[in-house]
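The primary structure of each chain is shown beneath.
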Amino acid sequence: MYELITEISRWAVPFVLLLVPLAAAVKKVPVFETFVQGAESGFSTAIKTIPFLVAMLVAVSVFRASGAMQLMAEILSPLLALIGFPVEVLPHAIMRPISGGAALGVATDVIQNHGPDSFIGMLVSTMQGSSDTTFYVLALYFGSVGVHRYRYAVATGLTGDITTLIASIFIVNAVFG
Amino acid sequence: MINYIWLGMIVISILVAGAQGNIEVITKAAFEGAEAAVKVSLSLIAIMTFWLGMMKLAEAAGLVKALARLVQPFTAFLFPSVPKDHPAMGAIVMNLSANILGLSNAATPMGLIAMKELQKLNGNRNTASDAMCTFLAINTACITLIPTTIIGVRLMYGSQDPTAIVGTTIFATACGMTVAIIADRVYRQIYYWRWK
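Going down the list, the sequences are from chains A and B.
Under this note's numbering, the residue at position 48 of the first sequence is numbered 48, and the numbers go up by one with no gaps.
Under this note's numbering, the residue at position 138 of the second sequence is numbered 138, and the numbers go up by one with no gaps.
What the hints contain is simulated information worked out from the structure, not anything from laboratory work.
Warning: the hint list may mix true and false statements.
Listed next, the stretches of chain A that the computed footprint assigns to chain B, with coverage defined by at least 3 CB atoms under 8 Å from CB atoms of chain B [unchecked claim]:
| # | stretch |
| --- | --- |
| 1 | 16 to 27 |
| 2 | 33 to 41 |
| 3 | 52 to 62 |
| 4 | 103 to 114 |
Here are a few chain B residues that face chain A, going by a calculated C-beta distance under 7 Å [stated by the list, open to error]:
| # | residue |
| --- | --- |
| 5 | S41 |
| 6 | L52 |
| 7 | L112 |
| 8 | R154 |
| 9 | Q160 |
| 10 | A180 |
Cβ coordinates follow ideal geometry from the N, Cα and C atoms, glycine included.
Using the sequences and the accompanying hints, generate a full structural model.
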């Protein structure tokens with residue numbers, strides 16, 4: 001099953017790259033001109049995200065460097081010990097929604113220290129694989145179109161993150177516990 | 001809400017750093033964060049330009065429409081406010097397909113294209129529409145079939161079975177996606193009830 005899925009994802013982009021221009025050519029579309037026409041706005045779209053990403057990444061960066069994140073982990077840890085959640089993985093849970101790179105760093109560190117096949121290693125791997133960087137996606141996607149009133153989107157994103165986290169703890173306990 | 005979270009993160013960080021007597025880390029971290037943000041945006045230029053070109057071709061070839069029609073029952077339920085033949089639907093479908101396959105580098109430009117199309121339907125330029133909130137909800141909590149990066153890390157540290165976490169990941173993401181879709185609807189009701 002896994003081999004099949006990896007094979008599909010290996011072929012996905014080359015397949016699209018072959019299929020799309022061919023299909024367009026069959027429909028008598030001028031392929032080169034159409035591609036260039038579409039590509040035109042790539043630069044401006046990417047540049048438009050700069051202020052939103054700067055705002056978000058500055059906050060994330062000072063939050064981590066100041067030790068505030070560590071403090072938050074310490075405050076929360078007795079609470080989470082109650083549901084059988086290992087303290088070693090807590091920094092990852094806090095970091096995951098705010099910084100993808102930092103979360104991967106924490107996960108790598110945990111795997112290095114506890115082994116990839118230990119319970120903690122399995123848990124942190126599942127957590128890393130199953131969640132996305134909510135704040136980054138919010139800032140990037142909304143920023144690219146100039147939306148700055150997010151309404152309830154942050155709350156929804158965090159609800160999804162918490163659910164994924166709880167589901168990860170549950171399933172890893174059930175399968176590898 | 002984002003205003004409070006952002007302000008809170010900055011104020012707390014400065015208080016914590018000040019109390020610990022290492023306030024100088026703030027200056028360094030702030031500029032590092034800003035630099036990282038610009039780097040991300042610049043690296044997006046290349047891949048955005050590529051996928052925007054491909055999207056335009058796919059649209060002209062009628063492929064986007066065909067794909068969107070295929071999953072129409074599902075997307076019509078998720079995005080009732082988006083007309084079924086609108087290009088936003090095509091972009092949303094392509095973004096979700098890329099996410100499910102774990103192609104994060106292809107998923108991001110598709111997501112930005114979808115946002116751009118959704119913005120055309122948005123009556124209020126500065127405020128996220130219902131459809132945008134739903135799109136973000138399923139985007140941040142999307143089912144993942146292969147968590148490629150972490151499998152690589154496990155392999156690097158000598159795991160006996162690097163892909164052992166694929167099943168648990170699918171389970172966890174399925175739960176997250178289901179709850180995110182429900183939460184999106186519930187919070188929307190609360191939001192309208194509170195502000196109207």
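Each hint, compared with the structure:
1. Only residues whose C-beta sits within less than 8 Å of a C-beta in chain B count toward coverage, and the stretch 16 to 27 of chain A has 9 of them, enough to reach three; the restraint holds.
2. Counting residues of the stretch 33 to 41 of chain A whose CB lies closer than 8 Å to any CB of chain B gives 8, which reaches the minimum of 3, so the coverage claim holds.
3. Residues of the stretch 52 to 62 of chain A lying with their CB closer than 8 Å to a CB of chain B number 10, which satisfies the three-residue condition for coverage.
4. Coverage of the stretch 103 to 114 of chain A by chain B holds [criterion: at least 3 residues with CB-CB distance below 8 Å; count 5].
5. Interface restraint check: S41 of chain B against chain A, minimum CB-CB distance 5 Å, threshold 7 Å, status holds.
6. A least Cβ separation of about 5 Å between L52 of chain B and chain A falls short of the 7 Å threshold, and the interface hint therefore holds.
7. Checking L112 of chain B against chain A by beta carbon gives a least distance of about 5 Å; that is within 7 Å, so the hint holds.
8. Among the interface hints, the one on R154 of chain B holds; its C-beta lies about 4 Å from the nearest C-beta in chain A, closer than the 7 Å criterion.
9. A distance limit of 7 Å between C-beta atoms decides the matter here; for Q160 of chain B the minimum to chain A is near 5 Å, and the interface restraint holds.
10. Against a cut-off of 7 Å between C-beta atoms, the interface hint on A180 of chain B holds, since the closest Cβ of chain A lies about 4 Å away.
Violated hints are absent here; each numbered hint is respected by the structure.
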